[in-house]
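Working from the sequences, and respecting the hints, build out all of it.
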Amino acid sequence: MMEITEGSHAIAKIVARCRPQVVSAYPITPQTHIVEALADYVADCKLDADYITVENEMSALSACIGASAAGSRVYSATTSQGLALMFEACFNAAGMRLPIIMSIANRALGAPLSIWNDQQDSISLRDSGWLQFYAEDNQEATDMHIIAYKVAEDHSVLLPVFVCFDGFILSHTYEPVDMLPQEDVDKYLPKFTPYEKLDAEDPISFGMYATPEYYHEFRYEIDRAAKRAADVYRAAAKDFAGMFGRDYSGLIEEYRMEDAETAIVAMGSICGTIKDAIDEMRDAGKKVGLVRIRVFRPFPDKEIAQALAKTKRVAVLDKNISLGSKGAVALEVKDAMYGKTIPVLNYILGLGGRDVRKRDIAAIVALAEKGEGDMFYGLRKEVL
Amino acid sequence: MRELRIHGRGGQGSVTAAELIAVAAFEGGVFAQAFPAFGVERRGAPVQAFVRFDDKKIRKRSQVYEPDYIIVQDSTLIKDVNVFQGVRKGGIVIVNTEKKPDYKVPEGVKLITIDATSIALKVLGLPITNTTLMGAFAAASGEIKFSALENALKHRFRGELADKNIAAAKQAFDTVKGVV
Chain C
99 MMEITEGSHA
109 IAKIVARCRP
119 QVVSAYPITP
129 QTHIVEALAD
139 YVADCKLDAD
149 YITVENEMSA
159 LSACIGASAA
169 GSRVYSATTS
179 QGLALMFEAC
189 FNAAGMRLPI
199 IMSIANRALG
209 APLSIWNDQQ
219 DSISLRDSGW
229 LQFYAEDNQE
239 ATDMHIIAYK
249 VAEDHSVLLP
259 VFVCFDGFIL
269 SHTYEPVDML
279 PQEDVDKYLP
289 KFTPYEKLDA
299 EDPISFGMYA
309 TPEYYHEFRY
319 EIDRAAKRAA
329 DVYRAAAKDF
339 AGMFGRDYSG
349 LIEEYRMEDA
359 ETAIVAMGSI
369 CGTIKDAIDE
379 MRDAGKKVGL
389 VRIRVFRPFP
399 DKEIAQALAK
409 TKRVAVLDKN
419 ISLGSKGAVA
429 LEVKDAMYGK
439 TIPVLNYILG
449 LGGRDVRKRD
459 IAAIVALAEK
469 GEGDMFYGLR
479 KEVL
Chain W
44 MRELRIHGRG
54 GQGSVTAAEL
64 IAVAAFEGGV
74 FAQAFPAFGV
84 ERRGAPVQAF
94 VRFDDKKIRK
104 RSQVYEPDYI
114 IVQDSTLIKD
124 VNVFQGVRKG
134 GIVIVNTEKK
144 PDYKVPEGVK
154 LITIDATSIA
164 LKVLGLPITN
174 TTLMGAFAAA
184 SGEIKFSALE
194 NALKHRFRGE
204 LADKNIAAAK
214 QAFDTVKGVV
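In the order they appear, the protein sequences are chains C and W. For what it's worth, the working numbering labels the leading residue of the first sequence as 99, then goes sequentially. For what it's worth, the working numbering labels the leading residue of the second sequence as 44, then goes sequentially.
Everything labelled a hint here was simulated from the structure, so no lab data went into it. Fair warning: there could be bad hints in the mix.
With a straight-line Cα cutoff of 20 Å, these simulated EDC-like cross-link-like pairs (lysine to aspartate or glutamate) come out [unchecked claim]: (1) W:Lys197 - C:Asp337; (2) W:Lys99 - C:Asp345; (3) W:Lys103 - C:Glu281; (4) W:Lys99 - C:Glu378; (5) C:Lys384 - C:Glu359; (6) C:Lys400 - C:Glu356; (7) C:Lys456 - W:Glu109; (8) W:Lys99 - C:Asp374; (9) W:Lys100 - C:Glu359; (10) W:Lys103 - C:Asp377; (11) W:Lys103 - C:Glu401; (12) W:Lys100 - C:Asp138; (13) W:Lys188 - C:Glu101; (14) C:Lys325 - C:Glu351; (15) W:Lys103 - C:Asp381; (16) W:Lys100 - C:Glu351; (17) C:Lys336 - C:Glu281; (18) W:Lys99 - C:Glu281; (19) C:Lys456 - C:Asp381; (20) C:Lys432 - C:Glu401; (21) W:Lys100 - C:Glu134; (22) W:Lys103 - C:Asp453; (23) W:Lys99 - C:Asp381; (24) W:Lys100 - C:Asp276; (25) W:Lys220 - W:Glu203; (26) C:Lys410 - C:Asp345; (27) W:Lys100 - C:Asp374; (28) C:Lys144 - C:Glu101; (29) W:Lys99 - C:Asp276; (30) C:Lys456 - W:Asp97; (31) W:Lys103 - C:Asp374; (32) W:Lys100 - C:Glu378.
Okay, the calculated beta carbon distance ranges per label pair [unchecked claim]: (33) C:Met99 - W:Gln128: 32 to 40 Å; (34) C:Lys408 - W:Lys220: 55 to 63 Å; (35) W:Asn194 - C:Pro279: 16 to 24 Å.
Everything numeric in this text was worked out from a predicted model, so none of it was measured. In this text, a Cβ means the ideal position worked out from N, Cα and C, and glycines have one as well.
What follows is the structure, encoded as structure tokens:
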């Protein structure tokens, strides 16, 4: 049913319909309204889950790890410094192959202190073994949570997932969302069947130490599972499209790429503004298209290389910066394009909540046409 | 696409107004998008909230720079903030004030002043003007029906509080209907 509601509340409602058995979160800033709403559902007996309030985010994810290892479907949400505080536990969750779903309302990292949006938080955990999905709007953000459980819990994957959506820009925005009813979510998402679980009758261990003879192979297995997740994701999203009509089955989405000379590559809510800007540029006769990365982990390098193969130049927009290097998305796009002669130019933009307008997108396309890139876009004059 | 920018001060309910206007527009079959200009929330600090209206899905995510409509909840903002910036020709500006304007809106823009504070004080007993100005907006813009606004207010507030807010909005709606 179409409802108009805040992004965070739409996500909370759909997460509840995924029937998590344990929710653990740190309720104080940086946090979203999602876990506040879930706490209400549990208190009002609308959601049959254990809600574990903890003293910080590190404990929140640790509680999720324990609950998931014991065979429960679990959920958490965080952002920014909260995710940074989970750093250690993130690697453990992936290493123990626990299909935890966590919403990330993407926000900047301090210092300097910023409460505003960029994607530095989840990007900084790109090497942790968590799969990473990025939503363009609140419809996709809510739907992706359902798909994420299906992918994560598949026995050929068994990895945790960050469902990422831009903090404030999506999390605090009211817009219409088609909310799948409980029976539809139940039809799509079966009960969680753990591959292994902690059981006092039949004891096993999770996350024991691995000597140099074995650690290397454990990492190989995690990497292999992350790569297998690409096909599992495609199949899960195709099922979703078949049942509900919304198709997210591409790890990337191509927009007006058919004869594009300049391709923009980006992730998240900025892609909506980019699409509007592309329509205007197309009307003015410029051949511009967009490749939106929906799944950043596993990284869709082959799809990207194929989508960009016939372009004349590529402008990668990063709402993050690997300081001392480039934007994380640009680095991977350059890798995907290795051996080709198409220039891949990087633009760092929108950090710490700097607004990005259609005219900024047009300006970046103009820079790319002149071959000017690998820069912070839109810097204040006093730093130049 | 039509765009609304609301200027207020922290604590005046600008964000709530944006949300409820979007909810009311959605009831009328419009795709609506409402969001705040995220700031460091402090009581009294200048804040902004935005609403977009369109017949098709809205993809644009930037803030509103060229609004069709502007609501100014507190006329003392006019000397501190360029509240009329970017307003489109043919646009409508609604200012909450009891005074005759000593400022000018850009050419081709309609200015509507309403003493929403007095209405709110009389009907709600509080100088909270957001719901009153929503009534004024409904009448001036035609973007939302009063009945849809009433439903949105009933959904957000309970019992007597809902009734009072609806009454305040209605008074402003009727006042503005009389002048447009």
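Comparing the hints with the structure gives:
1. Between lysine 197 of chain W and aspartate 337 of chain C, the direct Cα distance comes to roughly 39 Å. Violation of the 20 Å bound is thereby established for this hinted pair.
2. At most 20 Å may separate the alpha-carbon atoms for a hinted pair to count; lysine 99 of chain W and aspartate 345 of chain C meet this at roughly 19 Å.
3. At most 20 Å may separate the alpha-carbon atoms for a hinted pair to count; lysine 103 of chain W and glutamate 281 of chain C exceed this at roughly 33 Å.
4. At roughly 16 Å between alpha-carbon atoms, lysine 99 of chain W and glutamate 378 of chain C fall within 20 Å of each other, so this suggested pair holds.
5. Taken as a hint, the lysine 384 of chain C and glutamate 359 of chain C pair is honoured in the structure, with Cα atoms around 8 Å apart against an allowance of 20 Å.
6. Note on lysine 400 of chain C and glutamate 356 of chain C: the hinted pairing holds, with a Cα-Cα distance of about 17 Å set against a maximum of 20 Å.
7. With a C-alpha separation of about 13 Å, the suggested pair lysine 456 of chain C and glutamate 109 of chain W falls inside the 20 Å cut-off, and the hint holds.
8. The straight-line distance between the Cα atoms of lysine 99 of chain W and aspartate 374 of chain C is roughly 13 Å, inside the 20 Å bound, and the hint therefore holds.
9. Pair hint lysine 100 of chain W plus glutamate 359 of chain C does not hold up; C-alpha atoms about 27 Å apart against a cutoff of 20 Å.
10. Only pairs whose Cα atoms come within 20 Å are accepted, and lysine 103 of chain W paired with aspartate 377 of chain C is accepted, the gap being roughly 12 Å.
11. Annotation: proposed proximity of lysine 103 of chain W to glutamate 401 of chain C is violated, straight-line Cα distance about 26 Å (limit 20 Å).
12. Simply put, lysine 100 of chain W and aspartate 138 of chain C have alpha-carbon atoms about 31 Å apart, too far for the 20 Å limit, and the pair is violated.
13. In summary, the hint linking lysine 188 of chain W to glutamate 101 of chain C is supported, as the alpha carbons are separated by about 18 Å, within the 20 Å threshold.
14. The hinted pair formed by lysine 325 of chain C and glutamate 351 of chain C meets the criterion: a straight-line CA distance of about 19 Å does not exceed 20 Å.
15. Our distance criterion of 20 Å between C-alpha atoms is met by lysine 103 of chain W and aspartate 381 of chain C, whose separation comes to about 17 Å.
16. A distance of roughly 18 Å separates the Cα atoms of lysine 100 of chain W and glutamate 351 of chain C; the hinted pair therefore holds under the 20 Å criterion.
17. This hinted pair checks out: lysine 336 of chain C and glutamate 281 of chain C have alpha carbons roughly 19 Å apart, not beyond 20 Å.
18. The suggested pairing of lysine 99 of chain W with glutamate 281 of chain C is violated, with an alpha-carbon distance near 28 Å, which exceeds 20 Å.
19. As the CA atoms of lysine 456 of chain C and aspartate 381 of chain C are separated by approximately 14 Å, the hinted pair is consistent with the 20 Å bound.
20. The straight-line distance between the Cα atoms of lysine 432 of chain C and glutamate 401 of chain C is roughly 13 Å, inside the 20 Å bound, and the hint therefore holds.
21. The straight-line distance between the Cα atoms of lysine 100 of chain W and glutamate 134 of chain C is roughly 28 Å, outside the 20 Å bound, and the hint therefore fails.
22. For a cut-off of 20 Å, the pair hint linking lysine 103 of chain W to aspartate 453 of chain C stands: about 12 Å separates their Cα positions.
23. Distance check on the hinted pair: lysine 99 of chain W and aspartate 381 of chain C sit about 19 Å apart at the alpha-carbon level, within 20 Å; holds.
24. For the proposed pair lysine 100 of chain W and aspartate 276 of chain C, the alpha carbon gap of about 12 Å is at most 20 Å, so the pair holds.
25. Note on lysine 220 of chain W and glutamate 203 of chain W: the hinted pairing is violated, with a Cα-Cα distance of about 25 Å set against a maximum of 20 Å.
26. For the proposed pair lysine 410 of chain C and aspartate 345 of chain C, the alpha carbon gap of about 29 Å is over 20 Å, so the pair is violated.
27. Only pairs whose Cα atoms come within 20 Å are accepted, and lysine 100 of chain W paired with aspartate 374 of chain C is accepted, the gap being roughly 11 Å.
28. For the hint linking lysine 144 of chain C to glutamate 101 of chain C, the alpha-carbon distance of about 19 Å falls within 20 Å, and the restraint holds.
29. Restraint check for lysine 99 of chain W and aspartate 276 of chain C: satisfied, since their Cα atoms lie roughly 15 Å apart, inside the 20 Å limit.
30. Restraint check: the Cα-Cα separation between lysine 456 of chain C and aspartate 97 of chain W comes to about 17 Å, which is no more than 20 Å; the hinted pair holds.
31. Between lysine 103 of chain W and aspartate 374 of chain C, the direct Cα distance comes to roughly 7 Å. Compliance with the 20 Å bound is thereby established for this hinted pair.
32. The hinted pair formed by lysine 100 of chain W and glutamate 378 of chain C meets the criterion: a straight-line CA distance of about 16 Å does not exceed 20 Å.
33. Checked against the given bound of 32 to 40 Å, the beta carbons of methionine 99 of chain C and glutamine 128 of chain W, roughly 39 Å apart, stay inside it.
34. In this structure the hint that lysine 408 of chain C and lysine 220 of chain W lie 55 to 63 Å apart at CB holds, the actual value being about 58 Å.
35. For the pair asparagine 194 of chain W and proline 279 of chain C, the beta carbons lie near 22 Å from each other, so the given range of 16 to 24 Å is met.
Hint check: violations occur at hints 1, 3, 9, 11, 12, 18, 21, 25 and 26; the rest are consistent with the structure.
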